[in-house]
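Undergrad: Listed here are the chains, written in short residue letters.
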Amino acid sequence: MSTALENQAEHPMIMRRAHDDAARQNAVRTLRQKLLPKLARGSREMYYRTIEPALRTRIGGQSTERHEDVRAAMMKLPYVRFQLGTHRVIQELMYETLIDTVQPQLADLAEKARSMPTGQGSLRLDPELKVPAYVTAVDIHCQPGGYAHQSFEGDVAAGAIYDRSINMYQTGAGGMTDYMGRSVIGYLDRMWPGFEPRRVLELGCTIGHSTLAYAKRYPGAEVHAVDVSGPLLRYAHARAEALGIAVQFSQQNAEHTDFPDGHFDLVVSHILAHETSAESWPAILAESRRLLAPSGLALHLDLPQLDEIDPYRRFIYDNETLFNNEPFWTSFRQMDLNGLMLDAGFAAGEIRRDFTAVMAGDDVGRLQDAIEKSRRSGHGAPPGSGLGFALLIGARGAIKQRAVEAA
Amino acid sequence: MSKPDPATSYRHPRVARGPRPAFFDDSSSDTLLSMNVALLTELIATRERLDTLERLMASKGLLQSNEIDSFEPDAVANAEREKIRETISDHVFYLLLQQAERAESGQSETGPREG
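Residue numbers (the working numbering), protein chains in the order written: chain B, 18 to 424; chain H, 151 to 265.
Because the hints were derived from the structure by calculation, they are not lab data. Fair warning: this is a prediction, and the values are worked out from it, not measured in the lab. Note that the Cβ used here is the ideal one computed from N, Cα and C, for glycine as well.
Okay, the calculated beta carbon distance ranges per label pair:
# : chain 1 : residue 1 : chain 2 : residue 2 : range
1 : H       : 249       : B       : 288       : 42 to 50 Å
2 : H       : 216       : B       : 137       : 55 to 63 Å
3 : B       : 168       : H       : 216       : 51 to 59 Å
4 : B       : 20        : H       : 185       : 24 to 32 Å
Among chain H residues calculated to face chain B with C-beta under 8 Å, some are:
#  : residue
5  : 160
6  : 162
7  : 173
8  : 180
9  : 184
10 : 187
11 : 198
Counterexamples of contact, computed for chain B against chain H with all Cβ distances above 10 Å:
#  : residue
12 : 61
13 : 261
14 : 280
Let the hints inform the model, and build the full structure from the sequences given.
TA: Here it is as structure tokens:
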């Protein structure tokens, strides 16, 4: 029997859906989360049963297949073309259904965001901020209009679309779609028990769906979040206020914020890195270092690097760059992260690479399992294990004394 | 008398900036695949609406559990249903049917071609 996918928690800012809007979105979600993994399993089987042994023979028994060879061989298979073509179409249909639904509500949503009563949170916009080219050059992961499109003052469409897309896209995102925040918090609770930051900053927060997990976990902390997009931040602020959670949002470039040196005990980002650029990501790491208070921690969550995954998964991940408007991801995956952290000002003993599970609930057992499995195999996502998140961690002060190692 | 509201006249972009990759050597296959998956989502959505209808009717006592599965259409219903089936089939195959019509009327089979 098939298990039902978890519905997103409705909240006052979310776009309304009539019966058939919801039915279409549910259909796309089922195709994305149930059908695509089944299709991908077929490709994986073909790779390990046919392609990989053939490549191995050709290059004389070595297991270091070049991923260009893997790609060339895989793309010859009609099955793989159908699988990847279907993947792209489902991504497009996700936005088709969402934009159909949001289009008639644009003015209502903008007004709702504008008039949302504000409690302890705040929104500071900077209309002069230049949105970086890596956000505007192409529409990242094919969301029409991208993160920053606005046609009228007060528009929140980009945020409204993004909010519902998370539940459609990501299995196990959780009702509040705060799975990435929870994945970092779960890791922190396990590795740094007793860590209670006074100030938290999220870089590239989009609609604040991860941010809220920190505000809930650390109720005594002052939680800040920055993004370059006005429409996303307007939506994020209204969403947080509607949910009664205090976050201080500001429109700033994560490469150079206006916060003082050493202002935060915890600086985080979630799948931000691969959507930036070769110039900006090192600057964001340096800014994270500048903002850390003594004993502070920076955790940047993304997917594993090229040398941390097997050739089949390299092929799969590179499809995001080739077919899903993620232009920087393939180059990002080949960057020397440790070298970048050293350049950013962290000492060798202040840097750690680790892995955590995709965690929507409080399933600590699953998290421990993922951390330990990843460490044993030496990479974040061994074949058959499903995706895990990779963490790039920087500390002010040597890291080993404070981290509690897994048994 | 008031100015048009920019929010109501505004249309959010429908097309993502960036190149659209091809997965097949013949781009028609990419188009066909997209149409098939889109039709699938419409079919699922319609099936879901029907499910809603059945549940609402059952909850109001208008429908017994086995009534739909054991339903036998009479001659009138059969004829009307035939029309529904034909209309939908023609709608999905409109392009080929148009080409057939052009052929029958002696028009050129396709319009101007690029390249």
